[in-house]
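Colleague: Chains as they are written, first to last, in this note's numbering: chain A, 7 to 401; chain D, 7 to 401; chain W, 7 to 401.
Keep in mind that the hints were calculated from the coordinates and are not lab data. It is possible that part of the hints are untrue.
Just so you know, same-sequence chains aren't split out, so a pair can sit in one copy or run between any two.
Stated by the list, open to error - No farther apart than 35 angstroms at their CA atoms in a straight line, the calculated lysine-lysine pairs in the DSBU-like style are these:
#1 K373 x K287
#2 K247 x K368
#3 K272 x K376
#4 K251 x K44
#5 K339 x K143
#6 K368 x K243
#7 K140 x K387
#8 K284 x K359
#9 K225 x K210
#10 K142 x K243
#11 K368 x K140
#12 K70 x K181
#13 K243 x K272
#14 K392 x K376
#15 K339 x K243
#16 K243 x K225
#17 K287 x K210
#18 K284 x K142
#19 K272 x K44
#20 K140 x K392
#21 K287 x K382
#22 K382 x K210
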Amino acid sequence: MAKIVIIGGSFGGLTAGFELKRLLGNKAEVTLLCDTDKFVFVPSLPWVSMGWRRPEDITIGLEKILAAGGIRFFPEAAVGVDADAAKVITAAHEFQYDYLVIATGPDLGFSSVPGFGPYGGHTECIFTLDQALKTKKAWDRFLENPGPIAVGAVQGVSCFGPAYEYAFEVDTELKRRNIRHRVPITFVTSEPYIGHFGIGGLKKSRSIMEDEFADREIKLITNQSVEEFTPDEVRLKDGTKLPFKLAMFAPPMAGVKAVFHLGNPKGFIPVDANYRHKNYKNIFSVGVAIAIAPPEQTPVPTGVPKTGYMTEHMAKYAAETIASEVLGKSLPKTGPVGALCIMDMGNTAALMKAYPVLPPRKTAELKEGKRYRWAKLAFEKYYLWKIRRGLTGLP
Amino acid sequence: MAKIVIIGGSFGGLTAGFELKRLLGNKAEVTLLCDTDKFVFVPSLPWVSMGWRRPEDITIGLEKILAAGGIRFFPEAAVGVDADAAKVITAAHEFQYDYLVIATGPDLGFSSVPGFGPYGGHTECIFTLDQALKTKKAWDRFLENPGPIAVGAVQGVSCFGPAYEYAFEVDTELKRRNIRHRVPITFVTSEPYIGHFGIGGLKKSRSIMEDEFADREIKLITNQSVEEFTPDEVRLKDGTKLPFKLAMFAPPMAGVKAVFHLGNPKGFIPVDANYRHKNYKNIFSVGVAIAIAPPEQTPVPTGVPKTGYMTEHMAKYAAETIASEVLGKSLPKTGPVGALCIMDMGNTAALMKAYPVLPPRKTAELKEGKRYRWAKLAFEKYYLWKIRRGLTGLP
Amino acid sequence: MAKIVIIGGSFGGLTAGFELKRLLGNKAEVTLLCDTDKFVFVPSLPWVSMGWRRPEDITIGLEKILAAGGIRFFPEAAVGVDADAAKVITAAHEFQYDYLVIATGPDLGFSSVPGFGPYGGHTECIFTLDQALKTKKAWDRFLENPGPIAVGAVQGVSCFGPAYEYAFEVDTELKRRNIRHRVPITFVTSEPYIGHFGIGGLKKSRSIMEDEFADREIKLITNQSVEEFTPDEVRLKDGTKLPFKLAMFAPPMAGVKAVFHLGNPKGFIPVDANYRHKNYKNIFSVGVAIAIAPPEQTPVPTGVPKTGYMTEHMAKYAAETIASEVLGKSLPKTGPVGALCIMDMGNTAALMKAYPVLPPRKTAELKEGKRYRWAKLAFEKYYLWKIRRGLTGLP
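So that you can see chain A by itself, here it is in the shape it has in the complex:
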């Protein structure tokens, strides 16, 4: 019986686990390690930060859903991986593996800019549940005494979507509350132009987003680095000092500490087309943890986003590859992963489809409309319903 250890209990880890059990059944012992005991539906975190969702609306206990799937679960953070000895180390145990799947997600790089981040710094973030709840509190305080808002993404960021969503949602909510005129909103980004998204743009994303920000009267500062966050100012590389009462900035990402030594200089795991580690045949990695080269060198550094949809496809490919080896079958054929995501815009939404993710693309779509917002709302419910039943989230 093959011993398979998975680190991570989000899109990548769960999909890999369920797929491996589906393909291998009793031929594999699948163990999942996670630093929390809850699955959090990350795409809904911006809504938590706006008070549009409660934590219980978007979290599920991992224990129950993994047990139903026949997966062993240890709510323990991996503190290291000994790739040569083939074991994962936590504070309490060591887990020997025949195959390892690294689906940890990222480390968030708040130390890259002085004064950055919600833990000791001066900016909010919405990339984890804890951050989103802090941002909700900051938002409540802000509403008592509104003023300028700065939203954006610093140099080195790869995941721009939540910053866009937050800017649009804040604009929408302030209009609902009839106080938009008391809140200058500025969007600051390392992207060379708005709508770049770290993927070199998607069809008319540039002119559509330029129009959208203009229409919402959100001021744009693109192609910029942040030098420092003070308690009430964003200080940009070009000398601009942008005052704020509330600031939400996306951080750059890196590989997590436990697996950093297995990755590239940023700790991202280099993988082949089957998501297998380039040096260790029995280590696989999926999702944000892996290394993807950007489509172009941007003047201010940016990276390539990895969405949940991409991660699940990677996890399926990785699971199929492991299963084929365990069963002595030939390797499955894989292809590039595509992205399908819906960016919430508060009162409307944008559907983005890119296959492959980076240009040149086979198919590319960018559409705006209220119906995509309904689709996003429905998908959240559907996904959570499915994952509760131990089904992978992909339709």
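We have chain A already, so just place chains D and W on it with the hints.
Modeller: Then chains D and W, alone, in the frame of chain A:
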């Protein structure tokens, strides 16, 4: 009985006068001074310059309408104000006041650029009836021997609208006459981009105006200063020499001489939220005469426009404040003024709504359509009909 | 009987010939010289290069159609013109003339950039039938092993249309073949912005083309010079090295050798409003052979395109002028020529109408739609049907 003196017989002065009499009746003696004896509906001056209106279509004798409203009228220019002695001085009289309302409009700064303006310079203007009539004559001469036209706004301008209207109207009229192909039109402006309007843009104004000018094949030069006007060239700061047969440029504005000493370095009157002078409790000011800080520092200096609609709201607030003091009531609550204006585009028009005028805004609208042109035509008639009856122009 | 010699058997030469015979009948002996014995419908050459047309679909023997029109035909290249002796020299003959019509089209300037062009260089071209057939072969090879494509127009180009068409057609065909995602396409041009076309743009051509290229995810590099073509790279002046598996670049044009000495420094013939040589009263020139000053100095040099539609109008004016002299009538009144062309975009097309060609214009139109593609397809058939019958191609 409170003695109230108003300087100025346009939107601000008339609205203030009618409002004060409406609120105070016999409790106030209202005296209005004006350097002309006619009310001119200024928004229609571009049409006079095109020959689409005669002066008599858009002017009304002040004597008659003020007498009907119980307002004393002296067609005399104020030459000074002695704020400490509380009197206004004209060539013939001195007027003691309990309250003074400064609604003079601006001084036009043609001396800011060599060769500028219709009085000794080489450019036309459409900001006064006299200028509009001169421009009409220049237009008639131009039509006999067409050539390049330069339209625009020099550095320091705050009122860009008439330049836009003139460019669009000239384009429309030349097409009607089937000679558009003999007339290269260039629009030169100190705005950082077209559609900025001195107010940081209004929703998609930038891309809409870029498309509009492109569609009309009017060449754009933005973010530029003018160094000099020669009899047949506009000389720009970047060295460009733009030949013209006809040039119409908007000038920067400053406070008029009689009240300059009461204002900021440009002679604009600093006022509080009730349009009361920051140092003199019994002096109020409304309209172009007041000081408004621009929303942002533009690379080439620009100012904030004050439209007739804004001016009337200011005049109402000022009149209500004076009346409440005279009647011993508590001060009225005021808010920021909004702008509602329709920019004529010759064959179509653009409706602009901004509340407040400067971003961030509570409501903002920008729409183009022939129906807005009909609305502008109708409003002119309606306003003139109303003012003839001593009613304030606001619906 | 007036001896009239025409050099060139394409739009200009044929239209001039047919018109002269129609106007003068037996009063003129019209002789046409051409370096090939076939008329090629040049606007369809991009389709030949894509394999969407065979050569026989778009060529007609000149002999037959000219004989039917009573025009003498010699399939001989002019090697020189002795303007003072009034004769055209070919390898085999000398042709004395009373009137000469130069309708040669251009020399293609591949020597302007190292490694340029299909004859010894590394880039394809689609400006002659031979080039288009070579490009078709290169395309077939490319499809076996796809990679990056570079399309564009080097410095000094005046005819940008075919480069645009080729980029759009390649994009369309690759999508049809489902391999678009394996082919990054970059469009490199000397135009200051996309949609300039050498004519200072046409209405909203800039924003329409920017959106079109974005929508097709074709990368844009504008306002650039090419320093060198290597076998697999375009080297730009700013240091960019653009790799390619297939490159198609439009060349600059000059006057052909046989008449170069009669032209300006680039060999283009200077003509008056009747298309008569400025120094030689009995020499006329039409089409690409004539000199037209560009509407503006562009940062990277560009020229003004001369389309078939323009050429035919020039040829009519020239023929009418010659005929009026032969018949002793007063000179015909001429006007500026306009352009009417349809740019194929593979799956759709753009109609462009400009009268005159350069701004300021009397009429200008730019519209996109599938119906214009149908019109282009229909016009090709109609024109070829008409020319076969010795009728000039203009509707």
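Colleague: Now tell me if each hint is right for this structure.
Modeller: Verification of the supplied hints:
Neither within a single protomer nor between protomers do K373 and K287 lie at most 35 angstroms apart by alpha-carbon distance, with minima of 41 angstroms and 57 angstroms respectively. In this assembly of identical chains, the alpha carbons of K247 and K368 lie at most 35 angstroms apart only when taken from different copies (25 angstroms versus 42 angstroms within one copy). Taking the closest pair of Cα atoms, K272 and K376 never come within 35 angstroms of each other, the shortest separation being 39 angstroms inside a single copy and 49 angstroms across copies. With identical chains, the CA atoms of K251 and K44 are at most 35 angstroms apart within one copy only, with a shortest distance of 32 angstroms there and 51 angstroms across copies.
In this assembly of identical chains, the alpha carbons of K339 and K143 lie at most 35 angstroms apart only when taken from different copies (33 angstroms versus 48 angstroms within one copy). Taking identical chains as interchangeable, the C-alpha atoms of K368 and K243 lie at most 35 angstroms apart only when they sit on different chains, with a minimum of 31 angstroms there against 38 angstroms within one chain. With identical chains, the CA atoms of K140 and K387 are at most 35 angstroms apart within one copy only, with a shortest distance of 24 angstroms there and 58 angstroms across copies. In this assembly of identical chains, K284 and K359 lie within 35 angstroms of each other by CA distance solely inside one copy; the values are 29 angstroms within and 58 angstroms between copies.
For the homomeric pair K225 and K210, the shortest alpha-carbon distances inside one copy (20 angstroms) and between copies (12 angstroms) are both at most 35 angstroms. For the identical chains of this complex, K142 and K243 are intra-copy neighbours only, at 29 angstroms inside a copy versus 50 angstroms across copies, given an alpha-carbon limit of 35 angstroms. In this assembly of identical chains, the alpha carbons of K368 and K140 lie at most 35 angstroms apart only when taken from different copies (28 angstroms versus 41 angstroms within one copy). Taking the shortest Cα distances, K70 and K181 never come within 35 angstroms of each other, neither inside one copy (41 angstroms) nor across copies (47 angstroms).
Taking the closest pair of Cα atoms, K243 and K272 come within 35 angstroms of each other both inside a single copy (23 angstroms) and across two copies (34 angstroms). Taking identical chains as interchangeable, the C-alpha atoms of K392 and K376 lie at most 35 angstroms apart only when both belong to the same chain, with a minimum of 24 angstroms there against 44 angstroms between chains. When the C-alpha separation of K339 and K243 is checked against a cutoff of 35 angstroms, the pair qualifies neither within a copy, at 46 angstroms, nor between copies, at 43 angstroms. In this assembly of identical chains, K243 and K225 lie within 35 angstroms of each other by CA distance both inside one copy and across copies; the values are 17 angstroms within and 28 angstroms between.
Proximity of K287 to K210 under the C-alpha cut-off of 35 angstroms is found in neither arrangement, the shortest distances being 41 angstroms within a copy and 54 angstroms between copies. Taking the shortest alpha-carbon separations for K284 and K142, neither the intra-copy value of 41 angstroms nor the inter-copy value of 41 angstroms comes in at or below 35 angstroms. Proximity of K272 and K44 under a CA criterion of 35 angstroms is satisfied intra-copy only: 27 angstroms inside one chain copy versus 64 angstroms between copies. Taking CA atoms no more than 35 angstroms apart as the test, K140 paired with K392 passes inside one copy only; the shortest distance there is 29 angstroms, against 57 angstroms between copies.
For a Cα distance limit of 35 angstroms, the shortest separation of K287 from K382 qualifies neither inside one copy, at 38 angstroms, nor across copies, at 58 angstroms. When the C-alpha separation of K382 and K210 is checked against a cutoff of 35 angstroms, the pair qualifies both within a copy, at 22 angstroms, and between copies, at 27 angstroms.
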